[in-house]
Structures are given as structure tokens and as C-alpha cells.
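Trainee: Sequence:
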Amino acid sequence: MSLRRRTTIPFLIDELLLNEAAAANIVASDAGEAINLKVSKVGGLTRCRRIRDICLASGVTISVQETCGSDIAFAAIIHLSQTIPSRMLRPILHSSEMIIPKTADCDFEIHQGFVKAPETPGLGVTPRLDILGEPVATYQ
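The letter at position 115 of the sequence shown is residue 118 when you use this note's numbering, and the numbering goes up by one with no holes.
Since the hints were made in silico from the structure, they are not lab data. Quick reminder that beta carbons are idealized off the backbone N, C-alpha and C, glycines included. Please note that the accuracy of each hint is not assured.
[As the list claims (entries may be wrong)] Capping the alpha-carbon separation at 30 Å, the derived lysine-lysine pairs in DSSO-like fashion look like this:
#1 105 <-> 44
#2 44 <-> 119
#3 105 <-> 119
[As the list claims (entries may be wrong)] The calculated label-pair distances, taken between Cβ atoms and stated as ranges, are:
#4 59 <-> 124: 25 to 31 Å
#5 90 <-> 14: 16 to 22 Å
#6 124 <-> 14: 35 to 41 Å
#7 102 <-> 139: 17 to 23 Å
#8 27 <-> 136: 33 to 39 Å
#9 86 <-> 14: 22 to 28 Å
#10 32 <-> 108: 40 to 46 Å
#11 119 <-> 11: 33 to 39 Å
#12 140 <-> 119: 27 to 33 Å
#13 116 <-> 61: 25 to 31 Å
#14 27 <-> 112: 32 to 38 Å
#15 123 <-> 71: 21 to 27 Å
#16 114 <-> 10: 34 to 40 Å
Produce the complete structure using the sequences and hints provided.
Mentor: Encoded structure:
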């Protein structure tokens, strides 16, 4: 019997979620009701999308966060979060204000606790090259 079934306290799996295999194991072992999906920790948006799909197919609720992430990371969180049905999405975390200096100018605003992804191309951010430095590679 799963740990989750032995208590009335809900479990949100956080630091154990490292990759797609961990997500599958969490689901298979019935470890918790929800996961905390950290974009950078699991390796970016492509891996997050796979983990999201595993969790949604299994009925596991998702929180999308970043540990002290930048404005660029928050933009990724917003975009990913808007691909998750609201009934399966826990609150997202806006932690970019913890990071100084700002790494990008962003085309989104938070209004009454809600945020919508920008409609501009990509993540909707303009990286601050004076802070980040010149790109090591560009792709067109």
C-alpha cells in the first residue's frame, strides 16, 4: 500500500522529482497527490512537457516553480502553466523579484494574483545583454 493511502495528509512531491523516470516512479508508486515541477531542475521546458504529460495522464496535480528563478525562468513558468488545465494546476511561484539584477525585460504583468503569457514571440522576454553578457551561440 502506498504511503499516500496510509494518511489523510496530502503529499506534494518536490525535491524527488528530477526527471521523467522519477515522475513515472512517483505515479506508479502512488506517492502523492501533486508534484512541484521546477523548470531548471528537471532540465528545461521539453522535459517539463514530458513530465506534465505523465502527471496529467495519471491525475497528479502540478505546481510549476523555480527556486529563486530569473525573469526568463518566470516567463517559462508562465508559458508551461498555461498548458495545464486549471483544475490540475496549483499556484505558480513568482520568484524573479528575489534575483537582482533583473536579467530581462518582460512583456507580462501580474493582475490580482493572475498572470497571462505574453503573445510576443518566444517567451516574451528581451534578455538584458548588459547583465548577461554576449550570447555564446545564436540560432535562427
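Trainee: I'd like to know which numbered hints this structure contradicts. Please list them from smallest to largest.
Mentor: As far as the earlier hints go, not one is violated by this structure.
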